[in-house]
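So the protein lines, in turn, are chains A and B. Note that the first sequence covers residues 182 to 717 in my numbering. Note that the second sequence covers residues 4 to 161 in my numbering.
One or more of the hints may lead you astray.
Quick list of in silico lysine to any residue cross-link-like pairs, SDA-like style, CA-CA up to 20 Å [what the hints assert, rightly or not]: (1) Lys493(A) <-> His680(A); (2) Lys204(A) <-> Asp468(A); (3) Lys70(B) <-> Asp468(A); (4) Lys70(B) <-> Val572(A); (5) Lys70(B) <-> Pro252(A); (6) Lys489(A) <-> Leu443(A); (7) Lys70(B) <-> Pro563(A); (8) Lys489(A) <-> Glu455(A); (9) Lys397(A) <-> Ala220(A).
Short derived list, chain B residues pointing at chain A, Cβ under 7 Å [claimed, not checked]: (10) Ala12; (11) Asp14; (12) Arg60; (13) Arg81; (14) Ile95; (15) Asp110; (16) Thr114; (17) Arg124.
Just so you know, these hints were derived from the structure itself, not from any lab. Positions of the beta carbon are idealized from the N, C-alpha and C atoms, including for glycine.
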Amino acid sequence: MASVLIVGSGASAVHFALSVLKKGHEVTMLDVGHPKPAALNPDDSVNDLKARLSDPVRYFLGERYEGVVYPGSKGEYYGIPPTKHYVFSPPTAFHVEATGFEPLSSFGQGGLAEAWTGGAYPFNDHDLAAFPFRYRDLEPYYGEVARRIGITGANDDLARFLPLHAHLLEPLALDPHSLRLLADYERQRRDLNRALGCYLGRSRTAALTRDTDDRKACTYRGRCLWGCPLDALYTPSLTLKECQRYPGFRYLPNMYVSHFTLAGSRRVGGVVAEDLARTALRELHADTYVLAAGTLSSSQIFMESFLKATGKTLTLPGLMDNRQILIPFVNLRMLGQTYPPESYQYHQLALGIEPPRPEEYVHGLITTLKAAMVHPIIHSLPLDLRTSLFVFRNLRAGLGIVNVNLYDRQRPENHLTLRPGPGSGRSTLVIHYTPAAGERIAISRAIRTVKKLLRRLGCLVPPGMIHVRPMGASVHYAGTIPMSTTAAPRTVSKDCRSHDLDNLYIVDGATFPFLPAKNITFTLMANAVRVAETAF
Amino acid sequence: MDDTPPQAALDHECRVLTSYLLRQAPSSYVLAKYRDAHAADALPASPAGPFDRLLARLAISRPSLLKLVDAYASVFFRTGLLRKKMVLLLAILEVSPRLHACFDSPDPGGTVGLLARIAVRSSAFLLRLLLAVVVLGPLQLAFALRSTLAAGPGRRDG
C-alpha cells in the first residue's frame, strides 16, 4: 500500500484522507492545525450562556473585545466571533499582498469550513459544464459525503437547481419567520416563478436532524454562530477525528509547509515544513503527495516549489470567488412578535434565480435574524442609537438578510504569484483581482430581482443598507490549477493528478475550472472522495 | 501620556449612557466590563478631532443634551468617539446577564400601535436632528474655522 502525504486538514483533505485510509493506505497529514477550543456548557442555550457564564462578555466579545463591530467596519452586519478566531490566526511567516481582493486563509484544524454556515449545495450539469465529468460521475460521492456528514434538505422547488442525491436527512425545524416567508412564497409560487424566475425552498444544510453513532441531532440551542457545542452542525475537524481512529493515520500539527523538493523534473521528492513548535525545518517523504490546503495555500506551496527548484516565479491565472451581496430586509408581518433565540441560527431557506444562460444561475441564502450579535445592526440604522434600539427591538422578529451569490469564471487577469522573500525565506503571496466588465449589471439585476421578490413576500429593503461585499469575502476560492483534459502545465488531469509532477495530486478548489454561484464546500468534499476512489 | 479616563469618570459615563440607551442602571458587571474595555484599548484607535471630543464631553457631562448630540452624531459623526463608546456599551449590554433581555422583546401592543409608535419615535428623532443642526452646526463650523486659521495660510494637507 502506498504512503500518502496530505498537506492541510480542511474539507477536501479530511474526506480524501478518510477514503484512502479505508482503502488501507498509510496517510500522514501535515497541518498548522490550531485546535478548536472546548465548548462551554454544551447543554446551555445562547441566552443561558448570557445568564450563567461567569464572564459572558469575554465569551461573546473576546478578551480584547475584538467581537465588537464598530461603526465604519466596512458595512458588514456581523463579525467573526472570538470563539472562531483560532480558524483564521496565521503563522507569523505567512505574508500576503492583495489588490482587489480581501483574502481569508485558515490555519485551524479543519480549515475554513470550521467557520462555515453549513450550506451544502450540489453542482448540476450546467455548473459542471467546464469540468471534465458530469453530475452522474459525482453523484455517488455527493451521496457518500452526505452519509458521512449529514445533510438536511427537501425535494422542493429548488431541486430544479440542486440535484437530489442519496442520504438527505429530513429538514430542520423552521423558525416562525422562515415559516412565514415560505408560506407566503407558496401562496404566490406560480406567479413568482413566472414573473421573476425566483424559486424558494429549504436550505441544504450540513446539520443533523437525527442522532448518529457519534453525534447528536440539532437541539436548537441557538449557538451555531459560536460553534455548535454538540457537533450537530458538521465541521471537518469531526472527520479528522474519524481519521485518527485508523492505525495507518498520522496527524502532524504545528507543521507549516513551505514547498516540495523535486526529484528530477517531474516528481516530488519530499515536502519541507517548518515545525512551529521547534522552529526548525523538517523534510518528510512519501510515495504520493496531495495538496489540499485550500486554493491560496496550495497554490502558494506549488509556486514556491518551482521557485525553489528553478528560480522561476510562476503566475497562476484564473482565480475565482463568488461576489456576494447582502440585502437586509424587514418583514412587516412579523412586527411586534417575539424572536425565537432557540432555533437553528443559519439560513433555513434558499432561493434560486433562473438565469438567461444556465451557468449564470444566482443563488441566495435567506437568514432570518435570531441570536446573532445585534449591535452591528442597531448602529447601522439611520437613526440615533436610542431610537435605533427601540425600532430594532420591535422589528427584530421580522429582520433577515439575503446573501446573494454570483458565479465567477476564470479570467487571466485574476492571478496569483509570489514575491520572493529575502534569502531563502518564505515568499509573499501576491493576489490580483479585477471584477468582470459586466459585473455591475449582473449585481444590479440580482438586487432588483431579490427586492421585487421580497416585496411580494411582504418585506421591505431599508434604503442604503444593501452591501456588496468585497471579492474574497465569500471565501469560495478556486481556479488557479484547474482540471484540464489537455496536459497543459499548471493544470491537473480529470483525476486531479498534476500535469507537472507525476506523484502530486491537488484536491481542493484550485482545480475547479468554473465557480457557480453555490457554496463549493460540499463539492470540494465530493470531488476529493471521487479522486480518492478513482485514482487510489 | 495616558488618555484613559479615570475609573470614576468611566463609571459615570457608563451610567449616563446605559440609562440613556436602556432606561436602566448598569449592573456592577457592566460597569466593570466598560472599565476593562477602556483599559484594554478596545475602542478603535482613530484620532478624535476637537469637536468630536467636545461632543462626547458634552453628552456625558450634560445628559439632558445627550439626545441632541446622539441625533447629530447619527448623521454627522457616525464613526465619532461618542458613537464608538455607545456601540461598545451596546455590545457589552447585549450579552450581559439580565440586561440582554432589553434587546430581545418587543414592546406590548398590536401591530398598528407599534407602527404608530415607531413613526412617532422616528419623527421625534428628525425634530431632534433639526434642532441639533441649529445648535451644534454653527459650533462645528466655528471649530472648523478655528482649526483652519490655526493651520495658517501657507499650509496644505498632505
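Okay, the hints, checked on the actual structure:
no.: 1; hint: Lys493(A) <-> His680(A); result: 18 Å, holds
no.: 2; hint: Lys204(A) <-> Asp468(A); result: 16 Å, holds
no.: 3; hint: Lys70(B) <-> Asp468(A); result: 70 Å, violated
no.: 4; hint: Lys70(B) <-> Val572(A); result: 16 Å, holds
no.: 5; hint: Lys70(B) <-> Pro252(A); result: 18 Å, holds
no.: 6; hint: Lys489(A) <-> Leu443(A); result: 9 Å, holds
no.: 7; hint: Lys70(B) <-> Pro563(A); result: 15 Å, holds
no.: 8; hint: Lys489(A) <-> Glu455(A); result: 15 Å, holds
no.: 9; hint: Lys397(A) <-> Ala220(A); result: 14 Å, holds
no.: 10; hint: Ala12; result: 19 Å, violated
no.: 11; hint: Asp14; result: 16 Å, violated
no.: 12; hint: Arg60; result: 18 Å, violated
no.: 13; hint: Arg81; result: 5 Å, holds
no.: 14; hint: Ile95; result: 6 Å, holds
no.: 15; hint: Asp110; result: 6 Å, holds
no.: 16; hint: Thr114; result: 5 Å, holds
no.: 17; hint: Arg124; result: 5 Å, holds
Hint check: violations occur at hints 3, 10, 11, 12; the rest are consistent with the structure.
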